[in-house]
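Asks: Chains R and S, in that order, give the protein sequences. The first sequence runs 716 to 1022 under the working numbering. The second sequence runs 979 to 1347 under the working numbering.
Calculated from the structure, these hints are not laboratory results. Do not rely on the hints blindly, as some may be mistaken.
[What the hints assert, rightly or not] According to the in silico footprint, chain S covers these stretches of chain R (three or more CB under 8 angstroms from chain S): (1) 760 to 773; (2) 806 to 817; (3) 955 to 969.
[To be verified] Counterexamples of contact, computed for chain S against chain R with all Cβ distances above 10 angstroms: (4) 1142; (5) 1282; (6) 1320.
The structure displayed is predicted, hence computed values, not measured ones. Cβ coordinates follow ideal geometry from the N, Cα and C atoms, glycine included.
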Amino acid sequence: MIRVSKVSKRFKVVSAVQKADLHVQKGDIMGLLGPDGAGKTTLLRMICGLITPDEGEILLMGKPLEQLDKYRDELGYMPQRFSLYGDLTVMENIFFFGSMYRLDRSVIKQRADEILDITNLIPFKNRLADQLSGGMKQKLSLTCALITRPSLLILDEPTYGVDPESRKEFWKILYDLNRSGMTLLITTPYMDEAELCTKVAFISEGKIRLVSSPADLKKSFSYPVMQINLKTRRPINLHDLPGILDVSYMGSKVHVIVRDREQGHTEIQNYLLRNRIADATIQEVLPTMEDIFVGLAEGGAERWNMP
Amino acid sequence: MDRILAVLKKEFLQIRRDRMTLGIVLMIPLIQLLLFGYAIQTEVKHIPTTVFDQSLSAQSRDMLEAFTASGYFDVTMTADSYDVVTHNIDSGQAKVGIIFPPDFAHNLKRGTSAQVQVIVDASDSLLANQAIATANSIGLIKSQQILVQKMPSRQLPYDIRVRPWYNPDGITAYFMVPAILGIVVTMTMVILTSVAIVRERERGTLEQLLVTPIKPLELMIGKILPYIAMGYIQITVALLVGVLVFHVPIRGSLLQLYLLTLFFITASLGLGLMISNIAKNQMQAFQMSFFVMLPSILLSGFMFPRAAMPRFIYYLSDIIPLTYYLDIIRGIILKGIGFEYLIGQVTALLVFSIFFLVISTLKFKKKIV
């Protein structure tokens, strides 16, 4: 569906994307992950034809971007920032964007009803977009992006700043779309969402570090992850212990990536004893996407011996 | 076409919900016309005048009477020395000083020239010109009267008969109201459209629009059309004020005025749209609009006659749409002329409209950066 080859883009002195290669196949839910400023939005905008790459080639559905005007209705795009008209109502926005693709009013209305039904926006049809909650705005954006029934949907942090309940709903919709044959390319800052993708690509400093599936990624992660369960929350500092590669704090849980299982376990146990923390348990767990992400963002794929 | 209609509809909905803009569109012609229609008087009457009469004779009183009777000079202060005259003018309490020398009546009786000194505060050139011209003609008329009295049989050698056409009474409002109308329309149109594109860019709404198959020209036309209606609303309000409040006569065809105004509105909208496609943000768009508007007002012939401008400025004013529209609107309203005399001006406005629209369309790229 999408083939990005050796694409680069510089903004004055900042190199936003460097020689990126990305291949999204039909039926994928491809998650593009990376820290802020890694080049995710720039890459998505280039794929949508909103920014011209300095070099490299982008093919959508096998066709070069120069011919995009002929198949724009195959591409749905939901920008990061709410990009609909706040002073138009839900339906006015939908009709406006539908008409841009020369769809009949009746077709727009029928499709809008379908999607609004799924997204529970029917009662808000005549409300001004500005007066919708963050989650509802995102659903409206999605509705507009879907009005042509595209085969490819590109979403830039669609759930950013949306409450967990709405995020869950939103992902359910995305899954349904994917099951009906739609290919999705999505960026997200939430690692739990990365686990929902069928494939993930890590990007940092404008470079795509690796592309894999979440399951393969976890299997190929070559270091054990220890989880410390704390009954009472207290500050602990494990960073300086020998054999500890990375530590991430998740409330009452602490994830510690260690070089060696036995050594790491012993080091942590000794630390807990030294600091008289008696009510903690240590267990080895599968790495979460968060563990992998933090590691990748900090050290790059090489450090973790990854493909 | 259907996409243009959709943009048009969207713009109308947005304008309708933007009470502020709508209010401005309606109130600007109303307030500006009332304000400037009354305030701008190029004919200066009732100039405060101070008099130092050292003659104190029937003759000096008679001359002074001629000055005040003209309506241009109001004697608001008398002075008993040159110093007082100087003080009155320096302080701005008087703009004109009239001084009769002690031998005024004596000279007049003897048949030699009797001098009257008229001091004019020329720091305001419009006022000074008026005062000087009036003082001179009063002198001439009074002289003629005396000459005719002395030689009753003789006719004056010259007889110049001036006929001020189109505005015989020299009413400033007749001249100003159509011009203010033009300024109000061009100002509002340029400012409203100058943010049309750049606002969407700033708010981010352009990003969603750009991934749709809309063509730049469709967007430009869809953006312009609703404001043409705005322009006509403004003109109607302004004309109503002009006719009802200032009693401006509309001598030509109202239909022609409305039809030809279309070219001026599109030229102004095109200019605004071009600014919107060049400006990086709304602030810049506003600044550019003002940068364009000021020369329009000053050089179009609105305040100063183009005939008096230096060559270079005169040609510069050729590239200002308002220049042509002033010809059109003053021509139709005051002179009662029709399209046949205004083909050149209409062509110029048409060229402007197309030029601005083409530049806007070319400048608009379907890209974010």
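Asks: Please go over all the hints and tell whether each is borne out by the structure.
Replies: Quick rundown of the hints versus the structure:
Evaluation of the coverage hint for the stretch 760 to 773 of chain R: fulfilled, as 6 residues show C-beta separations to chain S shorter than 8 angstroms, against a requirement of three. Counting residues of the stretch 806 to 817 of chain R whose C-beta lies closer than 8 angstroms to any C-beta of chain S gives 8; at least three are required, and the coverage claim holds. Against chain S, the stretch 955 to 969 of chain R contributes 0 residues with a C-beta closer than 8 angstroms to a partner C-beta. That does not satisfy the three-residue criterion, and the hint is violated. Here residue 1142 (chain S) stays apart from chain R, with its beta-carbon at least about 52 angstroms from theirs, past the 10 angstroms limit.
Remark: the non-interface label on residue 1282 (chain S) is consistent with the geometry, its nearest Cβ contact in chain R lying 42 angstroms away (cut-off 10 angstroms). Non-interface status of residue 1320 (chain S) relative to chain R is upheld: no Cβ of that chain comes within 10 angstroms, the nearest being about 39 angstroms off.
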